[in-house]
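Engineer: Since the structure of chain A is already known, use the hints to place chain B on it.
Going down the list, the sequences are from chains A and B. Basically the working numbering = 1-based index in the first sequence + 151. Basically the working numbering = 1-based index in the second sequence + 278.
Treat the hints with caution; some may be incorrect.
[What the hints assert, rightly or not] Computed list of chain B residues with no C-beta within reach of chain A, every gap over 12 Å: (1) LEU304; (2) LEU305; (3) ALA307; (4) LEU314; (5) ILE320; (6) VAL417; (7) GLY428; (8) LEU451; (9) LEU452; (10) THR458; (11) SER562; (12) TRP591; (13) ARG599.
[As the list claims (entries may be wrong)] Computed beta-carbon distance windows for the label pairs: (14) ILE574/B with LEU277/A: 36 to 44 Å; (15) VAL430/A with SER441/B: 52 to 60 Å; (16) ASN282/A with ASN479/B: 55 to 63 Å; (17) ILE486/B with LEU299/A: 53 to 61 Å; (18) PRO370/B with VAL411/A: 40 to 48 Å.
Hint data in this document are derived by calculation from the structure and do not stem from the laboratory. Just so we're clear, the structure is a prediction, and the values are computed from it rather than from any experiment. No residue lacks a Cβ here, since even glycine has one placed at the ideal position from N, Cα and C.
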Amino acid sequence: MTQLLQYLISGLSTGSVYALVALGLALIYRSTRILNFAHGDIATVGAFLAFALLGLNFHYTLAFLSALLLGPALAMAFYFVILVPAQRRGASHIEQITLTFGLGLILQGFISYFGGTEPQVFPFPLSDARNWQLGGVVLDELSAGTFLIGILACLVLYLLVHKTKLGLAMKATSENLPAAQTLGIPTRRILAISWGLAACLGVMAGLFVAPAFMLDPVFMLGPFLKGFAAAILGGLNSLPGAIAGGLIIGVVESLMGGYVVFEFKNTIAFLIIIVVLLVRPEGLLGTEFKERV
Amino acid sequence: MDLVESYKDEMRLIDKPWKGFWIGLLLMALLLLPWLGDEYMIYMVSLVCIYSIGVQGQNILIGYTGQISLGQAGFLAIGAFTLGHLSRLGVPVLLGLLGAGLAAGLFGLVVGFPCLRLKGPYLAIATLGFGIAVYEVFVNSQTLSGGRMGLIVPKFSPLFGLSGSAFYYYFSLLIGVVFTLVSFNIISSYIGRAFIAIRDNDIAAEAIGVNLTFYKLLSFVVSSFYTGVQGGLYGLLMGYVEPNMFTFLESVTLFIAVIIGGLASVEGSIMGAAFVILVPHIFSSYKELVPVAFGISILLVLIFEPLGLYGRWLKIRLYFRNWPFR
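Only chain B is shown next, with the shape it has when bound in the complex:
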């Protein structure tokens, strides 16, 4: 859209002064939220922060690398239960989250390896199978899932004299922002370009020197690492984990968030996460109709706006920038 004069310009995240202003304003609003909103709003925004991590991971896999996955719930469950068991053993939370991400990433490697040969629908089914298998393992194994009542994740005491919910909110926000920065950097680095090359044409990518095996696996690992961290944070926020939090529906939710937010855009992932959290909230009196709202949005997005919410946002922005011309 805009003229890029040097490589440094291309690499800059904040490419226009106004963008810096708006992002600063948004961050300020997010930081002040505990004083502006009530408990429920803080809770919702924390959920959006947590989900945006997993959706970004899923977007790196689906949107950037073009590998469809319907088994994210499995990675979520692995992350959440890893964090639960680690924190019950007395491991500090940040290390626990790292462990959750690493455990999920390890399983991402395990799943990614057989999936190297698969494409499109076959890959969707194989990953779907993984998600369901993980769910069943947790349902049927008392030692892993902590019995019928689920696994209680010990709450960690809030620091800096903040209230519990505000502290969890800041914690999720911090981790969400860190992961957003990481995804922006992954995407604009060599790795991200390799991912995009694989998505656009894997044989051509291989021909120009992208190591397909390595980068496909890397994409799987990165995406499952993100999802594992999301699972861990979710468990922390809820205070307990049980297998029924991670059914096939959860994979569907992450998948929908990517599609509606916009394939191959980090901002879109955050918008998609906000969508899948806030829409059920709006429809809370008609809970059964939430899937209908999701489904109709998918149809509308795919037929009229394949770039998703982010594409719509770009168009609105362009309209105002060029106003009154079009």
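Next comes chain A alone, as it looks inside the complex:
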């Protein structure tokens, strides 16, 4: 029983990271129908900036804040400088996805060149060595912090999307772009803000993944792919779905790793997506238009 609880706790903690990644992907997919393959790399850039600033003896808050600003800046620059001109030239859907792929490769290369490919220890105010014993279950500071920040970020995003004018404009833009434009919504700015918000969530996830693993140029690949899986599981255009998907994948992965086979822990996420896509392609909470062929 305590073992089960232990696995659940660690699953929820990693799951909240996946949920953050998935939220960012779903946010972009919902508004522009683009899968952002550079999501993980933007997060990596943020984490590396924080690492560099911490190395220069900056305070944690300052380093993390600048990382959380750099990610959105990059994403918005990509949106305005590359994606918008490409759309003006009539780039197809697959081509736009490929553009994010290209951005990912560029960022990946620069990180390896300037940051080095050696795994490094990422200093963090919370440590996974300090922990509390709660009736046999061990809860460490890092997982607890990850979980709390994950929930908090989801809550803030929920309020932003459902209770503010900006959220309403985002919803309108994602539902019908020409109609939103006609009604006077500055759709391009709204879309850029969506990209920025998504990148911010991604960097946040990256900052929590980095101390748990080592920091190297590809450290976000795993969480990023799991985030993808989570977003698909929950339904690519649904934000609550992304959170639910992230938590489910985290818990299932942890339980699989604990009870069944440890080696195939990472494969399970993809088996889940393949099953989901077969049975319910629009995901748990998604409402994607389904076409019969």
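Structural biologist: Positioned in the frame of chain A, the structure of chain B alone reads:
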């Protein structure tokens, strides 16, 4: 561009006398390469030949049928390990390559079937998942991957008194040329037109009598067959296979080659294969910056030249043909 007067003209691969001359010259240069270039150059050109097979397969899937796939590394791995195990059992190389292609094609069928319902981004994720799953299976299974040192693929002895590298080069070249001819013929046959119809509008294609299920699956199978053969040849050239040769990065490389070479063109696939092999070679002293070069090329190609290197080549050719007019 040019006037086509009959169906036979449309079907001809070499439609102008000069084209025949240039292709002959290119083939001659390729045949004479072992006398002209050094060992390293032969090795690079063999790699280009091998990669062009897989890129053509990927192009049939992405460029002609419009089905995105990011799991090619999985098929590569299946092909390479099939060939490795078969040749360790003493199966002749050509049969082994056929087996590699068939095994990958079988898995293409298995992956293609659930993917029939998926489109665009969903398909990309599902195939990506397949690629990673295959990688993990090989990493975690000692019997399949031949243990930590990888699977040694026995070298076959060169025939006709050629040196080892020259023989492998001719072998890869031969198979590359055969597959190029096959792709040209697939594209200009009924099958190829069905693929293109599916890409342009699948519902309309179905309405005019293209069997969507069959042709989508066929496209998956053909593309994974090509990729499997590439994997087998790659294993032969390297002399060993290990799972880490077939990571997600390898799928990315094939994908990039298609995009940069030019969607929906066989010549473009070969150019794309040459690009992804030669650019890392040029940047060999700045290995970390290779992805940057790839990424920037993708952005440039997609924004300024969506037809890729092949489109640029067509424009250059047109410019010279019409010179001094434009």
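Engineer: Would you mind marking each hint as holding or not holding in the structure?
Structural biologist: Verification of the supplied hints:
no.: 1; hint: LEU304; verdict: holds, 29 Å
no.: 2; hint: LEU305; verdict: holds, 33 Å
no.: 3; hint: ALA307; verdict: holds, 32 Å
no.: 4; hint: LEU314; verdict: holds, 33 Å
no.: 5; hint: ILE320; verdict: holds, 29 Å
no.: 6; hint: VAL417; verdict: violated, 8 Å
no.: 7; hint: GLY428; verdict: holds, 18 Å
no.: 8; hint: LEU451; verdict: holds, 30 Å
no.: 9; hint: LEU452; verdict: holds, 33 Å
no.: 10; hint: THR458; verdict: holds, 24 Å
no.: 11; hint: SER562; verdict: holds, 14 Å
no.: 12; hint: TRP591; verdict: holds, 20 Å
no.: 13; hint: ARG599; verdict: holds, 26 Å
no.: 14; hint: ILE574/B with LEU277/A: 36 to 44 Å; verdict: holds, 38 Å
no.: 15; hint: VAL430/A with SER441/B: 52 to 60 Å; verdict: holds, 56 Å
no.: 16; hint: ASN282/A with ASN479/B: 55 to 63 Å; verdict: holds, 58 Å
no.: 17; hint: ILE486/B with LEU299/A: 53 to 61 Å; verdict: holds, 58 Å
no.: 18; hint: PRO370/B with VAL411/A: 40 to 48 Å; verdict: holds, 41 Å
Of the hints listed earlier, the one the structure fails to meet is number 6.
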